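**Q** Listed below are the residues making up each chain.
Protein chains: 2
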Amino acid sequence: MTDQRIYNFNAGPAALPLSVLEEIQASFLNFKNSGMSITEISHRSSYFDEVINDAVERVKRLLKLDDRFHVLFVQGGASLQFAMIPMNLLAPDDAADYINTGTWSTKAIAEAQKMGKSVHVVASSEDKNFSYIPQNIAFNPSSKFVHLTSNNTIKGTQFYEFPDTKGIPIVADMSSDIFSRPLPMEKFGLIYAGAQKNLGPSGTCMVIIRKDLVDSGNENLPTMLKYSTYSTKNSMYNTPPCFGIYTIDLVLKWIEEEMGGIEKMEEHNIKKADVLYDAIDASSFYTTTAEKYSRSLMNVTFRLPSEDLERDFVERANQHGLGGLKGHRSVGGCRASIYNAASMESMYALVEFMESFEKENK
Amino acid sequence: MTDQRIYNFNAGPAALPLSVLEEIQASFLNFKNSGMSITEISHRSSYFDEVINDAVERVKRLLKLDDRFHVLFVQGGASLQFAMIPMNLLAPDDAADYINTGTWSTKAIAEAQKMGKSVHVVASSEDKNFSYIPQNIAFNPSSKFVHLTSNNTIKGTQFYEFPDTKGIPIVADMSSDIFSRPLPMEKFGLIYAGAQKNLGPSGTCMVIIRKDLVDSGNENLPTMLKYSTYSTKNSMYNTPPCFGIYTIDLVLKWIEEEMGGIEKMEEHNIKKADVLYDAIDASSFYTTTAEKYSRSLMNVTFRLPSEDLERDFVERANQHGLGGLKGHRSVGGCRASIYNAASMESMYALVEFMESFEKENK
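Chains as they are written, first to last, in this note's numbering: chain A, 1358 to 1719; chain B, 1358 to 1719.
Treat the hints as calculated values from the structure; they're not laboratory data.
Mixed in with the good hints there might be a few duds.
Copies of the same chain are indistinguishable here, so a pair counts whether it falls within one copy or spans any two.
Stated by the list, open to error - With a straight-line cut-off of 30 Å between C-alpha atoms, the simulated BS3-like cross-links for lysine-lysine are:
#: 1; residue 1: K1719; residue 2: K1610
#: 2; residue 1: K1464; residue 2: K1389
#: 3; residue 1: K1568; residue 2: K1464
#: 4; residue 1: K1417; residue 2: K1719
#: 5; residue 1: K1464; residue 2: K1523
#: 6; residue 1: K1471; residue 2: K1621
#: 7; residue 1: K1485; residue 2: K1628
#: 8; residue 1: K1610; residue 2: K1464
#: 9; residue 1: K1464; residue 2: K1649
As the structure is a computational prediction, the values presented were derived from the model and not from experiment.
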């Protein structure tokens, strides 16, 4: 903690690197000696061109993207992507495979069906309350893409390996684990991520799309819902969410220059999650809700012996400067969201608190 | 100017009140003693509930809205509204009247037509290069709404009075003059405004909609494109653009508490524009592009005797700490955008510079 800052375990919007926040604060009245705030500069200026181009280049370096991919910034969150993906990628007779691993996948499926698209739910972990990631899935060879949610914030599960789809491009909602680890990009056709967990403030969604998919489906869409509107104008057909893109650029810079790149970021994230899962596994008071081989490195979901104890735990933790530990309102329990920006220090602080709470309440 | 800040005449993103920027900066690492940045707090927290509810209440007070209206925050800018409005308000057999006063109206019309809607362009000022606001328009009594752009940033024109539509609700793009003056709300069915001119940073669009219009058209729309998704969830069906809404709330507070309300804001804006137009009218070197009775109080568009002089003017003004005076790339010339946050001091500074530039170059 610095001054009065807490350890922030919010699921999203979530903790951002302190050095990023400090840089935003320091230059907030005068961005790069422009005499203007970043919130006041024109998106048609060289100041902003540098910001957005730097962000795109950092994404390409971090994920080792080649020229087959566009990096776009779209508004409306992942929820708008649930509609844009089938609208843009599927022609009227096309079909897609979807893997259902929880709340967000379920919404993505429902939205594609609402668009009148042919959707095959080829695997689901609903039979065990979404506590695991399905394996050995048979895909439909004629499907245009396979949609999955790489990390499930509410149920606390995560794909460690991405399925072998026999060449069908994977379309992945990575809102909660983008840039937390290197990715086998050859498997992906489209990756999307609402910024407010691992990337920046809410209000900007990053879309990484293989160029051949941009115009693969319906052409007659509203201008702001066509990927080509963004890909042909460097995401600036209309005014983009400048402050969000600026913050994302700083977060990407932090990953590259302070954390040492995405492989180091992954190592750090594994170590952080290990500290927490080891403590939970060593206890009979705390239990995780996800099956062991599917546990998320980003959202550690766990239960206490009773709902009363859980309420007390969250409240007492708050008093100790550990915020955001309440589970999603749809499932209850507790959840520690430990995205890229969560520090190792915060893991130790949480584990220490958990141990003392257990001693007092066992 | 404070420290190294310039006089910012950008068309959008544009100048924000300095006191608002200072408040954001001061609390950026610790919002309301939460121990988190405003960019890190959950949209499901009481902290953010207070922000969004305060913003909505301030809108209602400033515009004297009664309970017939919702105040919503949507992403995607005014450009997405160009599609959402006909999608939501027009059933398959419905038609709408559109008034064409320039670039943005033209785009709104094109998008409604793209949605397959029946659009009547009942008036246009295209015959004189959009230099005036059409008067004495005959509307189609069966049209569901009349769409207009209240202020035209590129051509520098503005509706002073809103037309008598014989009860047909007006749908207005007020991106560039919302909260610059009181409004006869009984005439309006829907008002929308991208925030980045008079309200806050880019990435948030305010939509004020009469409740009976929310579900008046097509029901089978993508979730994120239905107004009812926003109106039933206080704009928080998914994660809203929190930083944008927070800044908007501070700007509205500034209008109410520092500027003295919307009537005072209008007086201030008239005085500011008068200073600039009086100087231009007194000169034969500068000429406005808009007809006198249609001149915008927000975007003062003017020409110099030659394009070379215009280039020189913009460059020299920049060197003197007067930024953003270049006209829109589609029309050339010069433009001073003097939204709510532009100070009287900046008007005097601009006029002084204009006079000295004229003397040197006449």
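**Q** Each hint needs a verdict: does it hold in this structure or not?
**A** Hint check:
In this assembly of identical chains, K1719 and K1610 lie within 30 Å of each other by CA distance neither inside one copy nor across copies; the values are 45 Å within and 50 Å between. Taking identical chains as interchangeable, the C-alpha atoms of K1464 and K1389 are never at most 30 Å apart, the minima being 41 Å within one chain and 34 Å between chains. In this homomeric assembly, K1568 and K1464 come within 30 Å of each other (Cα to Cα) both inside a single copy, at 26 Å, and across copies, at 27 Å. Neither within a single protomer nor between protomers do K1417 and K1719 lie at most 30 Å apart by alpha-carbon distance, with minima of 50 Å and 52 Å respectively.
Within a single copy, K1464 and K1523 get their C-alpha atoms as close as 26 Å, which meets the 30 Å cut-off; across copies the closest is 43 Å, which misses it. Taking the shortest Cα distances, K1471 and K1621 never come within 30 Å of each other, neither inside one copy (41 Å) nor across copies (48 Å). Taking identical chains as interchangeable, the C-alpha atoms of K1485 and K1628 lie at most 30 Å apart only when both belong to the same chain, with a minimum of 28 Å there against 68 Å between chains. Neither within a single protomer nor between protomers do K1610 and K1464 lie at most 30 Å apart by alpha-carbon distance, with minima of 32 Å and 37 Å respectively.
With identical chains, the CA atoms of K1464 and K1649 are at most 30 Å apart within one copy only, with a shortest distance of 25 Å there and 53 Å across copies.
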